[in-house]
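Protein chains: 2
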Amino acid sequence: MSKQPPTLPKGTRDFSPTQLYRRNHIFDTIKHIFQKYGFLPLETPAFENLSVLAGKYGDEGDQLLFKILNTGDFLAKVEKEDIAQGYKTLLPSIAEKGLRYDLTVPFARYVVMNRNDITFPFRRYQIQPVWRADRPQKGRYREFYQCDADIIGTKSLVCEAEILAMVNEVFQQLGIHDFTIVINHRKLLTGIASSIRAAGKEHELCIAIDKLDKIGRDKVFKELASRGFTSTSLHKLEFIFNIQGTNEEKLSLLRKHLASSEEGSIAFNELDKLFQYIKTLGAEDAPITFDPTLARGLSYYTGAIFEVKVNNIAIGSVGGGGRYDNLTTIFGLPDVSGVGFSFGVDRIYEVMAQLNLFAQSHKSAVQIMLTNIDTESEKLALKVLAQLRSKEIKAEIYPSPVKLKKQLSYANKKNIPFVLIVSPRKELIDKFTLKNMHTGAQNQYTFSELVQILS
Amino acid sequence: MSKQPPTLPKGTRDFSPTQLYRRNHIFDTIKHIFQKYGFLPLETPAFENLSVLAGKYGDEGDQLLFKILNTGDFLAKVEKEDIAQGYKTLLPSIAEKGLRYDLTVPFARYVVMNRNDITFPFRRYQIQPVWRADRPQKGRYREFYQCDADIIGTKSLVCEAEILAMVNEVFQQLGIHDFTIVINHRKLLTGIASSIRAAGKEHELCIAIDKLDKIGRDKVFKELASRGFTSTSLHKLEFIFNIQGTNEEKLSLLRKHLASSEEGSIAFNELDKLFQYIKTLGAEDAPITFDPTLARGLSYYTGAIFEVKVNNIAIGSVGGGGRYDNLTTIFGLPDVSGVGFSFGVDRIYEVMAQLNLFAQSHKSAVQIMLTNIDTESEKLALKVLAQLRSKEIKAEIYPSPVKLKKQLSYANKKNIPFVLIVSPRKELIDKFTLKNMHTGAQNQYTFSELVQILS
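Residue numbers (this note's numbering), protein chains in the order written: chain V, 1 to 455; chain P, 1 to 455.
Just so you know, the hints here were simulated from the structure itself, not pulled from any lab data.
Please note: incorrect hints may appear among the correct ones.
Each pair may be met inside one copy or between any two copies, as identical chains are not told apart.
Claimed, not checked - For lysine-lysine, the following DSS-like pairs were computed, each having C-alpha atoms within a straight-line distance of at most 25 Å:
#: 1; residue 1: Lys-155; residue 2: Lys-379
#: 2; residue 1: Lys-403; residue 2: Lys-219
#: 3; residue 1: Lys-88; residue 2: Lys-77
#: 4; residue 1: Lys-155; residue 2: Lys-414
#: 5; residue 1: Lys-405; residue 2: Lys-201
#: 6; residue 1: Lys-383; residue 2: Lys-31
#: 7; residue 1: Lys-219; residue 2: Lys-31
#: 8; residue 1: Lys-383; residue 2: Lys-155
#: 9; residue 1: Lys-435; residue 2: Lys-414
#: 10; residue 1: Lys-435; residue 2: Lys-279
So that you can see chain V by itself, here it is in the shape it has in the complex (with noise of 0.2 Å):
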């Protein structure tokens, strides 16, 4: 090697044939049931206007948008001072387009931008890589695919059990049975806050608990006494944290402690409504838990949020989601209110690989390799090759006459179940040779024996 190898940048993967065989098996039983319950297909730009994405993640979020520098001389209009004064005030005048961070925000641009052509309620899913500048970690990319299906343009909560629904039934078909849909309402951790004295701090309140998982309860409580919630307020507090019980007795015990919250009555009203809800759809069985320490790190929800979990293996939450009512406010359009899921497809595949869930989607794969042995055998094995193709079976031939061992190396390696051992010896002509590459056997069969073992 004469140069320096080539290497990809910090945090980017390439994906080979069996990861995309993986990969594309959970998008397709995704996908196939989000059409299933109406959504229909949405794609957006890789990047937008910086004006689109900037503020809309927080400072953090800012600080972790990929940047594109402006085509051509991008100094040709900069002022000096602007140089001078540091990069943050550069940025502006180089870079107008930033790579897209998440698919909820180009969707909300794109329902303002459209919204005299779209008929709501739009029930829209979205599958596309994002990008974001994070410190790479193990399971931790700068670019990986969202997943997700929103309906926006309605307050029914029909939605809400309809999503809930879907996403049983993802986990279900992917067939990942033991997870933990935990479900919660952000109005009630409003009432909460109010009933610990610590009204107006419900953000405080959720940022802080939804590390729960990650830091534990002692320092929940410590971050919380660090933004100002008292001894009292904390003291009150752990009540939620010790709630037991079904469903019914959790509901049923809170409402009672937030009896007096107005807040709190919306969301235990709702929370009524959508239990009823998912019941009539026939989803009474999917593992659906109350929980009211469940916060969602995202500002915008307003109403029931949920998180899924795969229970035993400690890789955080598989996919979340909620209701909000503003996500257009930000581009001018208020009053569109709308319920969206996200799936993380990264750690659904780490959890499937764990649970060694991958074994039946090589279903893509090629089927048979045909032989290559000399020119006679080539062009008769070409033939054949163009016979299988016609009957949809999925083959290659090796393309030169090498050695056989080198050939069904090959075919070994590729992983293809069959190789067709193609001479064209007389005794042979209405007869193929197929070699069974898992078992080893060699039987001798007709064409259509063939197409049949193969279909």
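Keeping the supplied structure of chain V fixed, place chain P upon it in accordance with the hints.
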């Protein structure tokens, strides 16, 4: 609207559900055939290190690369003099990554990085967007999909034949029957350059005659003259523009002309063999035309080259490819020969729209909407909804009990073919009223009849 409405970056597009159903119909068709021909999927990251991309597409290409600003304080390590010397000097210090410009260079990078794990010959397909900072114009975007298949690691002409048979099958399958696959050989162009006493100038020859379709023969000759081709050379060159007849006739005429060219005779032998393989593969009916004026713009081709044009539609080539010998040499791995083809999906979409070939591509859309009249009927509708979905029928319910007229108008705008008018009236308890939205007809069916109609 209180704020400036958001906009899309120049040269980018959102893809609405209808556009996606159509585009995915093209992708799915191509993907299916790729797999049938033994190609395996590959995906690479959206951005690559600029060290991988730069210098691979010529000076013009380098300028059209979208560069990504380094994250954090991108000026921290920049010398003041570098800034003073202008954007070209500054660029390498502030941007290390760029968006991929095509799928070929990332593929070569992948092959070199994974050469010890790949089983050669390696057949991969790749369908991903690429980005170019081209001046946007009708039909030319800054983000667009490429759709490539390559076989790398073998010189066998069987691969060329397979690719041409596959290309033929793709267009037939898409319903585009009136097209031409134009074929030529780079070494034949080398031979022609020698024969007209312009040896070593085949690169200039290719660049110029590649523009034949766009600028016409006179301007091609003008350009060649300006590039130093003598009038004697140009007079001799005219021959290849006038050549006519069947492929065999054209090849044999040209063979006489280039009898003394070694490069030429390699080309003729390969083309002969290729036509033979195409016949053996049963693809002799594919509309393949030999044309010695086909050049292809890219400099890396070394053998057979192909291009597909749709007859009677002035849209330029809808796909092209060829044999290359040195693709991975740029990354230090010599002697890896390959052959590939790239489908121009945006143009194929345009052609199919013009030919009205998209009628049948809406299969994935919602099949039925259930009405929502009051609390009682909503309850019944939700139950039926769950049952329909359990039969794999794509269904949705109108999420709230608004006026029936509004619900029907919603279904109509979304092109949902059937509406189930759900009423809990006793006499209809076992029958459902189905409205055909195309004919307006309403009829009563049992659930199993319903499933039959919709399946």
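Between the shortest in-copy and the shortest cross-copy C-alpha distance, which are at most 25 Å for Lys-155 and Lys-414: within, between, both, or neither?
between (51 Å within a copy, 20 Å between copies)
Alpha-carbon proximity between Lys-435 and Lys-279, which holds within one copy, between copies, both or neither at 25 Å:
Neither, since 53 Å and 27 Å both go past 25 Å.
Which holds for Lys-383 with Lys-31 at a C-alpha limit of 25 Å: within a copy, between copies, both or neither?
Cα proximity of Lys-383 and Lys-31: across copies only (23 Å, versus 37 Å in one copy).
When Cα atoms must be at most 25 Å apart, do Lys-155 and Lys-379 count as within-copy, between-copy, both, or neither?
Intra 66 Å, inter 17 Å, cutoff 25 Å: inter-copy only.
Between Lys-405 and Lys-201, at a C-alpha cutoff of 25 Å, which is it: within one copy, between copies, both, or neither?
Close neither inside one copy (72 Å) nor across copies (44 Å); limit 25 Å.
First find the shortest C-alpha distance between Lys-383 and Lys-155 inside one copy, then the shortest across copies, and answer within, between, both or neither for a cut-off of 25 Å.
Classified as between: cross-chain Cα gap 20 Å, same-chain 61 Å, threshold 25 Å.
How would you label the pair Lys-435, Lys-414 (within, between, both, or neither) given a Cα cut-off of 25 Å?
The answer is within: 15 Å in one copy meets 25 Å, while 52 Å across copies does not.
Is it within a copy, between copies, both, or neither that the alpha carbon of Lys-219 lies no farther than 25 Å from that of Lys-31?
This pair counts as neither: shortest intra-copy Cα distance 39 Å, inter-copy 51 Å.
Taking 25 Å as the upper bound on the Cα-Cα distance, should Lys-403 and Lys-219 be classified as within, between, both, or neither?
Neither way: Lys-403 and Lys-219 sit 66 Å apart in one copy and 52 Å across, limit 25 Å.
Tell me, please, which holds for Lys-88 and Lys-77 at an alpha-carbon limit of 25 Å: within, between, both or neither?
Intra 16 Å, inter 15 Å, cutoff 25 Å: intra and inter.
Comparing the model with each earlier hint shows violations of hints 2, 5, 7, 10; every other hint is respected.
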